[in-house]
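The task is simple: from the sequences and hints, build the whole structure.
Those letters in the sequence shown? Residues 12 to 64, per the working numbering, in order.
Keep in mind that a hint or two might mislead.
Just the calculated beta-carbon pair ranges, DEER-fashion [stated by the list, open to error]:
#	residue 1	residue 2	range
1	Pro19	Glu46	17 to 23 Å
2	Gly34	Asp64	23 to 29 Å
3	Ile28	Val61	17 to 23 Å
4	Gly56	Asp25	15 to 21 Å
Bear in mind the hints are in silico, worked out from the structure with no lab data behind them. All C-beta atoms, glycine included, are put in the ideal place defined by N, C-alpha and C.
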Amino acid sequence: MDKYVCEPCGYVYDPEIGDPDNGIAPGTAFEDIPEDWVCPICGLGKDAFVKED
Numbered sequence: 012m013d014k015y016v017c018e019p020c021g022y023v024y025d026p027e028i029g030d031p032d033n034g035i036a037p038g039t040a041f042e043d044i045p046e047d048w049v050c051p052i053c054g055l056g057k058d059a060f061v062k063e064d
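Spelled out as structure tokens, the structure:
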């Protein structure tokens, strides 16, 4: 599974870790995160993220 980076703040969403503090279980692919999820650092939506190279 790919990691995704929030371009404005640099937060990396790692699917192996998920975002358990915000209800995203480990093992959840970025594509499977609900559309209303936001970056836990800066609060921007999924559209601010790009796939990490």
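Status of each hint after checking the structure:
1. Restraint check, Pro19 to Glu46: a C-beta distance of roughly 18 Å satisfies the suggested window 17 to 23 Å.
2. For the hinted restraint 23 to 29 Å between Gly34 and Asp64, the CB-CB distance of approximately 28 Å keeps it satisfied.
3. The beta-carbon spacing between Ile28 and Val61, approximately 18 Å, falls within the hinted interval of 17 to 23 Å.
4. Checking the proposed 15 to 21 Å range against Gly56 and Asp25 shows it holds: the Cβ atoms sit about 18 Å from each other.
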